[in-house]
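There are 2 protein chains.
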Amino acid sequence: MSPSRVEDGATRGQIIPIGGAEEKLNEPQILRRFVKLCGGRRARIAIIPTASLASDTGSRYESIFSDLGVDWAEALPFETRHDAEGGEALERLGEATGVFLTGGNQLRLSTHLGGTPAAKKIRLMNAAGVHVAGTSAGAAFLSEHMIAHGEEGSSPRVGSVTLAPGLGLTNRIVIDQHFRQRERLGRLLTALAYNPFAIGLGLDEDTAAFIGHDETVEVVGTGAVTVIDPAGLEFSSMDTAHPNDPVCMLGVKLHILVPGATFNLHTREANAGGLAAGKG
Amino acid sequence: MSPSRVEDGATRGQIIPIGGAEEKLNEPQILRRFVKLCGGRRARIAIIPTASLASDTGSRYESIFSDLGVDWAEALPFETRHDAEGGEALERLGEATGVFLTGGNQLRLSTHLGGTPAAKKIRLMNAAGVHVAGTSAGAAFLSEHMIAHGEEGSSPRVGSVTLAPGLGLTNRIVIDQHFRQRERLGRLLTALAYNPFAIGLGLDEDTAAFIGHDETVEVVGTGAVTVIDPAGLEFSSMDTAHPNDPVCMLGVKLHILVPGATFNLHTREANAGGLAAGKG
Chain P
1 MSPSRVEDGA TRGQIIPIGG AEEKLNEPQI LRRFVKLCGG RRARIAIIPT
51 ASLASDTGSR YESIFSDLGV DWAEALPFET RHDAEGGEAL ERLGEATGVF
101 LTGGNQLRLS THLGGTPAAK KIRLMNAAGV HVAGTSAGAA FLSEHMIAHG
151 EEGSSPRVGS VTLAPGLGLT NRIVIDQHFR QRERLGRLLT ALAYNPFAIG
201 LGLDEDTAAF IGHDETVEVV GTGAVTVIDP AGLEFSSMDT AHPNDPVCML
251 GVKLHILVPG ATFNLHTREA NAGGLAAGKG
Chain G
1001 MSPSRVEDGA TRGQIIPIGG AEEKLNEPQI LRRFVKLCGG RRARIAIIPT
1051 ASLASDTGSR YESIFSDLGV DWAEALPFET RHDAEGGEAL ERLGEATGVF
1101 LTGGNQLRLS THLGGTPAAK KIRLMNAAGV HVAGTSAGAA FLSEHMIAHG
1151 EEGSSPRVGS VTLAPGLGLT NRIVIDQHFR QRERLGRLLT ALAYNPFAIG
1201 LGLDEDTAAF IGHDETVEVV GTGAVTVIDP AGLEFSSMDT AHPNDPVCML
1251 GVKLHILVPG ATFNLHTREA NAGGLAAGKG
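Quick note, the sequences are listed as chains P and G, same order. Per the numbering used here, the first sequence runs over residues 1 to 280. Per the numbering used here, the second sequence runs over residues 1001 to 1280.
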């Protein structure tokens, strides 16, 4: 499930994890930017409500995107693996300029869509320029390594996080959502302690990371994105620690990004951008 | 209230913040090490229960230290500022080889002891070699810059922490306790964002940082000590952010220390010590 190859001449679409509870009515900055990115009025947005057990999640987002001026926003009913293997919904998916995965339970996404033609199609579409956003569970699912569930708490503990394969639009990041609100630093650090090749993105609610084709993370919303970069990790005790032990991690780098600040996943450089320029 | 000067020929006593809820009966590793440090059976431990509103806090620690083999462990009743200005309790304090500040409310410590001869005496005694431990509120109070109170949450927010002057045994650190259990990374980061000269120590429950005269932090207990080193901070938006805004912080270094690992507050070097040596 690694990311699909970008063909010559094509540009990968943005990958947009959202921390959940994004503003939908007044000042919906994140959704508005997503719509603009996908073509504004001419955007064609495929909504995938598979994570949610609520029957109206899809239609609710149809209304929200319609209120934002989108003519074509359609919830695609991938409710079973069979639905995701072929048929009309899959064809409709192929017409989208943007894909939006709702919240719910990320294990519903991975169990219902994992390995299906629908999942493969989303990866191919993203490689060909279609933007893919996911909120809450939808955000967790976007990357190759998905946090399936875990415990709350600031410091890392053996066993405090369960990883599972995700959609795999990128393998550079491990995403966590509701980050500030549900105290998830410990479980995200634990996820990285296993193998510090990836970068952790902890998304507060109503906060999104817009990841461009040049690997630059831009922040939109009212909260922060916590970037955990373990590239300089000097030591991890994950290989010798016992269940429920705290995990020793030395030399982790942390950036707290707010709107205006950026981070590049390739160069691993953080930039205060306009925030710094605004200073005397 | 800066640290008292260590006289020629003297060695500063250890400074020992404890994250609260330290084990008291089975395997009381932290208290046992504190007792050993203070002289074992010949230790003379002054217990300061001022932070606590419970009337039996002092006598409870008298029993605990007595069970650990200490002949002289006495709760000193500094209940008012008047008590801390002179009299028998102050004289008894001067005989101690170790001082132990209990939990409760750190603002009771700072309002009752701040600026009194008792506070001054503890600083002088520490500079002369007496070890000073504090648990929970007692830990918060040890340093020059004390977290008085704050909000829970992983990412820093303007206004999420209130700082106040503490006892001032050291000014190199800002201490937070119940760290993992009460989700305090955000408030500790916020405290450091104001002025990144200090190092943050986030102490899990039943976990202590034994800080030696050479500024080495050793970890004892069942949890972790989260070290936040902002020395390399590239940017903080604290000067321009508005109330309740998330705070942008780029380039913070993080170490999660477990027992066996160390950190030097002077050189700012983390070391896995025995943990690394134990690996093939």
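Don't take every hint at face value.
[What the hints assert, rightly or not] If you anchor each label on the Cβ, the simulated ranges turn out as follows:
id, chain 1, residue 1, chain 2, residue 2, range
1, P, Pro117, G, Gly1274, 47 to 55 Å
2, G, Thr1080, P, Asn264, 26 to 34 Å
3, G, Gln1029, P, Glu234, 19 to 27 Å
4, G, Arg1005, P, Pro243, 45 to 53 Å
5, P, Ala276, G, Ser1055, 52 to 60 Å
6, G, Thr1080, P, Ala276, 47 to 55 Å
[Said to hold, decoys possible] Away from chain G, derived, C-beta distances all over 10 Å, residues of chain P:
id, residue
7, Arg33
8, Asp83
9, Gly115
10, Gly129
11, Glu183
12, Gly186
13, Ala224
14, Thr226
Hint data in this document are derived by calculation from the structure and do not stem from the laboratory. All C-beta atoms, glycine included, are put in the ideal place defined by N, C-alpha and C.
Comparing the hints with the structure gives:
| no. | hint | verdict |
| --- | --- | --- |
| 1 | P:Pro117 <-> G:Gly1274: 47 to 55 Å | 52 Å, holds |
| 2 | G:Thr1080 <-> P:Asn264: 26 to 34 Å | 58 Å, violated |
| 3 | G:Gln1029 <-> P:Glu234: 19 to 27 Å | 26 Å, holds |
| 4 | G:Arg1005 <-> P:Pro243: 45 to 53 Å | 47 Å, holds |
| 5 | P:Ala276 <-> G:Ser1055: 52 to 60 Å | 54 Å, holds |
| 6 | G:Thr1080 <-> P:Ala276: 47 to 55 Å | 50 Å, holds |
| 7 | Arg33 | 18 Å, holds |
| 8 | Asp83 | 37 Å, holds |
| 9 | Gly115 | 33 Å, holds |
| 10 | Gly129 | 30 Å, holds |
| 11 | Glu183 | 4 Å, violated |
| 12 | Gly186 | 6 Å, violated |
| 13 | Ala224 | 4 Å, violated |
| 14 | Thr226 | 5 Å, violated |
In summary, the structure is inconsistent with hints 2, 11, 12, 13 and 14 from the numbered list given earlier, while agreeing with the others.
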